[in-house]
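Peer 1: Here's the letter readout for the chains.
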Amino acid sequence: MDKPVDKTGIKIGMWIFLYSEIILFGGLFVLYAVYFHMHPESFVEGGLKLDRIFGAINTLVLLVSSFTVAASITAIQRSKKMHAIWFLLFSIGCGCVFLIIKYFEWGAKFAKDLYPNSDTLLDGEPGLNVFFGLYYTITGLHGLHVIIGMVLLLISLILVIKNKVTAERYAMLENSGLYWHLVDLIWIFVFPLFYLVL
Amino acid sequence: MTTEHQSFYETPAPAGLTGIKAWLLTHDHKRLGLMYLWAVFFWLILALFLGLALRTELMSIGETIMSAEVYNATFTLHGVIMIFLFVIPAIPAIFGNFFLPIQIGADDVFFPRLNLFSWYLFMIGGFFAVIALFAGDGFPDTGWTFYVPFSVSTESNVSLTVTAAFILGMSSMLTGLNFVTTVHRMRVKGMGWMQIPLFTWSLYATAWVQILATPVVSITFVLIILERFLNIGLFDPDKGGDPLLYQHLFWMYSHPAVYIMILPGMGVISEIIPVFSRKAIFGYKGIVVSSMAIAIAGSLVWAHHMYTSGMSDVSVFVFSLLTFLVAIPTAVKVFSWISTMYKGSILMTPPLLLSLVFIYLFTVGGLTGLVLGAAGPDIHVHDTQFVVSHFHFTMFGGTGFAFFAALHFWWPKMFGIMYNFKRAYIGIILATIGFIFHYIPMFILGMQGMPRRYYDYLPQFETGNFLAGFGGYLVVAGVMMMFINLFLSFREKVEAAADPWGGTTLEWSIPSPPPVHNFIDEPVVKDYPYDFSEVIMRSKKEK
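Chains as they are written, first to last, in numbering that gives the first Met the number 0: chain A, 0 to 197; chain B, 0 to 542.
No lab work stands behind these hints: they were computed from the structure. Careful: at least some of the hints might be erroneous.
Stated by the list, open to error - Keeping only pairs whose Cα atoms sit at most 25 Å apart, straight-line, the calculated DMTMM-like set for lysine to aspartate or glutamate is:
1) B:342 to B:498
2) B:238 to A:122
3) B:238 to A:124
From a predicted model like this one, the values you see are computed outputs, not experimental measurements.
Here chain A stands alone, though its shape is the one from the complex (with noise of 0.2 Å):
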C-alpha cells in the first residue's frame, strides 16, 4: 500500500469526471439547438432582452479567475505559498463578483416581468418563454456549479494554509483549478449563446 502516488491516474479520473460535467451541459445545449432551430425569432428577441455590459463583465471576470488559479497552482508548485493564498483568495473572490452581478441580472429580469410563468411569458410568444426558461435553467445550473467550483478553491486554501498542497504533492489544488477552468469554459459557450445571439 505504499507505492508512490499515482499522479497521472489521479488526473485521468478527473478528466472523465469533467468530460462527464460536460455531457451534463450537453444535454441543455442539445436543447438550445433544437429550440433555435424552431423559434430563431424570439431567440433573436430574448438575446436582446438580456444586459450585454453585465455578461460581458461576467465572462471577463472568470478570465481573470481562470487565470489567477492556474497562477496559484504554479506559485505551489514554485513552493511561493503567500502567493498561491493570495492568488486562491483573488480567484475566490472573482466567483463572488461573478454571483453578485448574476444576482442583480435575474433581479433586473424578475423586475421586467420576464420569469418562468410570469403573465408575459405565458401571454407572449411560445419561443420567448422557451428561450428564458433555458436561460434560466442554463444559467441557474451553470451558477450551482460557479458555487461547488468556489467550495472546492476554498478547501484548497485552506490545505494550502495547513501545508497539505505543497510542491511534492498538489493534486488536490490542481484539480480543483481544473474543475475551475471547467465552469469558465462552460460560460464561454453560455455567454455567446444567449446574450449574442443576434
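Put chain B on the given structure of chain A with help from the hints.
Peer 2: Below, chain B alone, put in the same frame as chain A:
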C-alpha cells in the same frame, strides 16, 4: 501458498476498524462488493415478487388482487427497482468490484474512498425510492420511463423517485470512472491490453458507456423536477417546448443503458464457457472488439424506441439501420462461445448450465429485437406484450441468468464454501422451464395485439395470460430455490479449494476467500489469459 493466510473477512482495511465499522467504513473492494451483493439481493427479491403480483393480477379478467391505480404504481415500481437497483448495478457493482482488481493483479481499485462513496450513493438512492413509496401521494404511475407530459402532471411522487434515479445514476457513473482509471493505471506489470481477462474487458467497455451516457439522463431528470416545481414548459407544446425531445434525451441514456446491463453479463459468460470447456476462448480479440463495438454502436440507436412517436421517416430509417448493426458484434460473441465449446472437454456444472441457458434465452431476445428494430413490424407490435417479452428475454434471460451464473461461478471464491449441485440444477431447470412458459405466451399475445401496461384485456387473451402467470410462479420458485441453496451453503460449510473449477484467470491463483491485499506473491501473468495447458496437466497428474 503453503502457510495459512487470513482472509479479508478477518483483516479490516483500513486497519484498525472493528465490528460494523470494518464494513461501513471499509475501502476494501471485496467488502464493498459483498455489501452491494446483499443490497441487490434485497431489491431483486422484492421486485421479483412485485412482478409476480402483476402477472397474478393478469391471470384472469377484471380485478383480481389489485385496483388499476395500484397496478400502475406496481409496474412502475417493478421497472424502477429492476432497472436502477438490480440490472444496472448487479454485475459491475458486485462482481466487478470484487473481481476486476483481482483479475488485473491489483490490490484495490484506483479510488477506494470514491468506491465507498458510490456504495453510499447507491444506498441513499434506494432509500429515496423507499420514501417515495410511502410519502406523499404514493409511488409514480408513469412507468419507469417517466414520459412527459404525464410525469409532469401526475399527482404521484415523481420528483422523489426521479431524484432517487439521479443519485443511483451518479453512483453507477462514479463506479465506471473508477473502473476505467483502475484498468488504465493498476494493471500488474506485464499485463498488456491483450492479456486482460474478458470479464474485465467487458466491464471496461461498460464503464465507458456509463460515463458517456449517464449525465444525459441526469440532466433529463433534473429537467423533470424543474418542470414539476417551476412549470417552465420546456417540454410543453403550448409554451414552445417539444415533448418528443424528452423522449430523445431519455433514450439517449436509456438505450445505451441496456448495453450497460448486458455487456457485463456477456463478460461473465466469456469467463465461464472456456473454463468448463477446458479450452481457450475462441476469438479472444473478436470478443474484445465486439464489446467495444457494442458500446459504441449501442450509443447511436436510441430513437428506435420512438418509431411511433412521430419522427421523420429519414430518422426512422437511419436508426433502424444502426440498430441492425448492433446485432453483428452480438452475434460474434454468441458464435465465439459456441465455437469455444466445440471439441472442448466439457465439464457440466451449475454455472455452465446457467451459461448455456443464457445463450439460448439471450439469442431469442436478440432475434426478436430485430423484429422490433425493423420499422415495419415494429409499428404492429409497438407497445404490446411482444416488447415486454423481448426485453425480459434479454434483461432477465440475459443479464439475470448471467447474474445467477456469476453467483454460482464465484460463490466459492467469495465465501470459500461450495454449494449443493443437485439443488442448484433443480432450481435452474425449474427457472428455465418457468421462464419459457412465462414469456412465450407474451410473444403470441403481443402479436395478437394485447398492449403492455394494461390492467385488463379482452376475453380472447385470457388463456395466454393464465399460462404466463403460471410460468411466472415456476420462475420465481426456481430462482428462490437457487438462492436458498446458496444460503444453505453457509450452514453446510463445505470448504471450497482455491481453484475448484480449474480456472486460469488470476482470481483462481489466490486463496478462497482472498486475503486483504489479494495477492500473497507477485501475480504471474500468462501470455494468454485462457491458456489451459497447466490446468490440463494438473488434472492428468491427479489421475
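Peer 1: Hint by hint, note whether the structure agrees.
Peer 2: Quick rundown of the hints versus the structure:
1. The hinted pair formed by residue 342 of chain B and residue 498 of chain B meets the criterion: a straight-line CA distance of about 23 Å does not exceed 25 Å.
2. Under the criterion of a C-alpha separation no larger than 25 Å, the hint pairing residue 238 of chain B with residue 122 of chain A is consistent with the structure, at around 9 Å.
3. Between the alpha carbons of residue 238 of chain B and residue 124 of chain A the distance comes to roughly 8 Å, so the proposed pair stays at or under 25 Å and holds.
Checked against the numbered hints given earlier, this structure breaks none of them.
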